[in-house]
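Got two chains here, separate frames each, mind docking them using the hints?
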Amino acid sequence: MAKTSRSPRFWSVRKLLGAAALGLLATASSQASAADPIKIGVIAEAQAIAGASIPQAAQMAADEINAKGGVDGRKIEIISYDNHSSSADSVRAFQRAVNDDKVNVVIASYISEVVLALEPWASRLKTPFITPGAASNEISKSVHSDYEKNKYTFHGYLTSAALALSVCDAAKELLVEQKHMKSAVIMSEDAAWTKPLDVGYEECLPKIGLKVLDHIRFSPDTTDFTPIFNKIEGSKPDVIITGISHVGVQPTVQWKNQQVPIPMLGIASQATNSTFGKDTNDAADGVLYQGVSGPDVAVTPKSVPFAEGFKKKYGNYPSYAGYTSYDEVYYIADAVKRGGSTDADKLVAALEKTDWEGTIGRVQFYGKEDPFTHSIKYGKGLVTGLILQWQDGKQVSVWPKEIAKGSLKFPSFIKVTAN
Amino acid sequence: MLAFQILIDGFAISALYALGATGFTLIFGVSGVLNLSHGAIMVLAAVAAWAAASVLHLDTYAGALIGVAVGMVAAFATYFAVVQPIQRSTRIANEEKEIFVLTGTLLWGIMIQELIAYFFTNNAKTVLPIVGGVVNILGVRTPKNEIFTAVMCCLAIGLLWLLVNRTRTGKAVLAASMNPRGVTLLGLELTRIYVVVWAIYGILAGIAGVLLGMFLGVSSYSVGPLTASAFSIVVLGGLGSVSGSLIAAFVVGYLETLTAYLVSPAYRTIPALLLLVAVMYIRPQGLLGRR
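Here the protein sequences line up with chains A and B, keeping their order.
Counting with the working numbering, you get residues 5 to 423 for the letters of the first sequence.
Counting with the working numbering, you get residues 1124 to 1414 for the letters of the second sequence.
Check before you lean on any hint, since a few could be wrong.
Examples of chain A residues lying across from chain B (beta carbon under 10 Å, computed) [unchecked claim]:
1. 49
2. 51
3. 54
4. 221
5. 223
6. 234
7. 257
8. 260
9. 264
10. 282
11. 284
12. 286
13. 287
14. 417
Calculated Cβ distances over 10 Å to all of chain B for the following chain A residues [claimed, not checked]:
15. 148
16. 262
17. 412
Calculated directly from the structure, the hints in this document are not laboratory data.
None of the values given here were measured: they were computed from a predicted structure.
All C-beta atoms in this analysis are idealised placements derived from N, C-alpha and C, irrespective of residue type, glycine included.
For reference, chain B alone in the conformation it holds in the complex (with noise of 0.2 Å):
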């Protein structure tokens, strides 16, 4: 009863681990880029679609949109008014711009966060699930909404693979991230290649917020431990590998899941973050990293 119980719990969290963290790896896999604004961008996407549903009495499904448009706009602010600026800049030294890259998205991170408590205040939001109801699944009492979680996790990490792997958009990111000057000498874009990643990135991560927010609930404070979370979950499965983070995020669900379980909530987090001092130890490159 207790293992079905972490079983299909541990499945739904370690899945919207997966779907915040391929974002996060993809981004940094193809331009090199580490989003520390990552989790601010996923708990404005929840507060978007909180507030089209509670201040703009809009239904659940436009709600959820609009929270997946607005993470895809903040991505694209990011993109656009934070990293580009850096990594066009003639003033700073090309082998300083990934700090500047690292400290500029944290500190933009730190902004919406602020922001967001300034207008939405520091309490949790929650976004109205859009399937409501339990069932029963081998004796455990189970949220639909948990089940619509998974699925909807699932789905968007297949159609990405699809997307990278069937299509020529898909094959062209794939190409930047293994070689960007190759990429330019065969006569694409390589920021019209940004501008994509950016896109699926803004749209991934749009969609985990809004399902965090349907799942557990988020506020102006979960920006530095989702952040931190996915920036955890992305070094253990080895910086770029999108797998290797799929990998590492069921690590880290089901560990946490087990600990809150079998152990004590309270220490939920800790044995992953133990794992994750031991694999910097023992293999430096992460689960499936390529050095």
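Isolated chain A, as found in the complex (with noise of 0.2 Å):
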């Protein structure tokens, strides 16, 4: 602010030296970006235990990868950013990261109404963008609809449809051919990324032998749900399949202080917590719940040790998007590595081409003709998901079966019958 004037003589001293800078910078500029980092902007929900190990997770891969040497001699740099589990919130994050701090690729959150508030400036600022933990179609859909323009985003979690798939599938073996039951009731939140869950429920449900008996959607705010449990139990079910995230503790407490006799089955983040046990003093035993990783389940030979570094470095277990976040974190290297740039659009055609082993499983993402286009893929071989059941305070897996450690057991309380 001081110098605000300069000599006319100063000033052309200064292009001069400018010029001369400018071709020096031009001869040797293959050395300086070799020199540069790799920039990755993080948008988290810091105070949320689902969006807290995001950020965790993504500076673990960088230290690794750093550790390593980097990718061609570039140091990734973490620069993380704390939404408040705000759209408004994440959008100035999202500018601030690309025009301020300049980073090549963004990762961020795990809300679908957050993911499709920042997908439209992804395309603005064509900056490539990824989302370790949102599940919406339409955030995929969009990318397919109107590729030139959507392409910067990628859906590095499991779509909705994926994910009623997954539960689907679980169910048909463990509750269908194993106990024999016949119905279910659908329970779930009333949020951008459960209608097409729903969706996908109501159309596989009936298809695995699981007749819907009702569909109860409530709101995110809902405190008490005894209401909820009782309608539910008036139409006897002999299951409830949940869709629940923003939610989690309070329902499976009130599930348990009034010993609700049905089990719960399906998608509740909040139980992929490891602190999900003690938040709800271990009302939580029973509960099943579709997970992409867990705490002791060899998925791929990364998953536990990186759960485990993970817990050594931050003192509990990381979150389903801490899993997809340090995941992340490795193909984007691996596609900056292969496509030999940082350069959005050359980013964006190697990270299409992604082939990586990581915590969750293999990873790959829909193509251009696909509906669900830079969607991970859904599959046996590629990601499955795995079904988890709190037992004993403990998260045990019980699906597939080939890295299942535990069969399903159920707190006293609890009628495991077909009506």
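Right under this line is the structure:
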């Protein structure tokens, strides 16, 4: 501020010097970029358990890659932003990350509403962007419907449609074949991600032999679940199929306190956190939930070392979005290496060719022709997800049987029967 | 069957609302303070009880007592750090003090809320119930904890009634709510009465918070809705009127429960808010308000 006026002669000298420097830069550009760090912006919900793991896991991956010399000599730098679970804060963080902090790529959020708000910004600012935990189908559908514009967005977690499939695949073996169950009630929170999830449930549950007796959607602000459980019990289902993420602790505790005699299986994001047992005072025992990994499940040889390393570093096991975030940093690094550049379009092209064995399985993205363009592929040999159950305060994998560490076990108030 | 269910659930939730609102209205009645950090104090008490049990591994009773104690400490902190400095300030005009107290306590509540989210995340926490299990009442499977909640609330409110009407301290508090100047003329120190009232308030809010943590669970997100619900119950009942608040708590509690069971849980709070608007039009002083 003090040096506002300068003599014309000073300026001309500066210009000359500048021109000379530019010339030097042009010849030495390859060397300069080799030393530049690869900057990854991480925007996440620092106060939520699911979100807090996102920057931590990303940092852990970056540290590991950097310890091995980085990517062609370039270090990975993580710049993280707390979005306070707000879409508006996330958009501001995205703009700051790209315009001020000059990040090359952004990893952001586990909330679909936030990711859907960021997607147009990834397009406008032409910055590759991957979500580690949101599920809405709309994220990758938008990429499919306007590829040229939205190709910068990647969906690094299963879509709601795939999540529903994963739950149905597991329910078929665990509930229909093993326990001879015949009916279900769907219980899901009213949010962007559960709309396609519920459509998926409605479609696949009858196919596996579970008749859908009722479908209850409730506000994510709900605190008293007594009327909801009461209504569900009234229709006498064999199982409650869940779709909950913003809520989790409260319905679980009330399910136990009220001794609702029906087992719960489905998506319950909060149950994926290792602190869920403590948060619910072990009311979680018996809850069955879908996950992409679990603390002691060797989905791939990388899963357990990551989970243990994370726990050693941060004191708790990662949330589901921690696993995906960790993998994302790795395959971004891999894409930069393969593409030989952090240029947005080249990076997108390289990311599309991702074939990375991460902690959650083998990660590949659906192509331009698939309806869920840029979403991770679901299926055997890729990412299938698994079903875990809280048993005696621990998360135990029960499906698929190749990696299961235990079998179904319910608290005494649960009646496992076919009505 | 459904009628009994509504009757039982409605009673527990109404009793909890009543306990939460009683302290809130008492403070207003006696010292003219609308404490907008009310929800934060309740949540803080519940989270403290949770942390004592889960993090420090104390038993449930010790956890609950710590929760109530933290509620009282938080109430004193609110009074001495926020309310009293504003009331004693010579730089704030007297007619502006009320609005300063409103804003001050609101910000104080947000600070507590953010600190809870920072240290304990914004995920919900639940306090392990002192009594577990269920009993069958008239065909309704009722958690014993729900009965415990209702009994504790009634007990706390009953004790408050005895304190106010049957003890010397209580009578002084009552007198201060009717005529503060008269009380000082009788040689009683008003500040001392305020401290007593804030202590009572802290205990009530602490108990309400811990019971809420056991019954439904709390998170840092509950702060706003809890303050709002106490505020609307108190306004509905008549600002400063304890018996009005009790009646209003049951009206709101049952209206919400009826809506949740008969219409949809998603619309739970709407009829009570509509009723509040209607009462404001027809009877601005509230059900039992003096004006």
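Going down the list of hints, with the structure as the test:
{"no.": "1", "hint": "49", "result": "8 Å, holds"}
{"no.": "2", "hint": "51", "result": "4 Å, holds"}
{"no.": "3", "hint": "54", "result": "8 Å, holds"}
{"no.": "4", "hint": "221", "result": "8 Å, holds"}
{"no.": "5", "hint": "223", "result": "5 Å, holds"}
{"no.": "6", "hint": "234", "result": "6 Å, holds"}
{"no.": "7", "hint": "257", "result": "4 Å, holds"}
{"no.": "8", "hint": "260", "result": "9 Å, holds"}
{"no.": "9", "hint": "264", "result": "9 Å, holds"}
{"no.": "10", "hint": "282", "result": "5 Å, holds"}
{"no.": "11", "hint": "284", "result": "6 Å, holds"}
{"no.": "12", "hint": "286", "result": "9 Å, holds"}
{"no.": "13", "hint": "287", "result": "7 Å, holds"}
{"no.": "14", "hint": "417", "result": "8 Å, holds"}
{"no.": "15", "hint": "148", "result": "32 Å, holds"}
{"no.": "16", "hint": "262", "result": "5 Å, violated"}
{"no.": "17", "hint": "412", "result": "23 Å, holds"}
Comparing the model with each earlier hint shows a violation of hint 16 alone; every other hint is respected.
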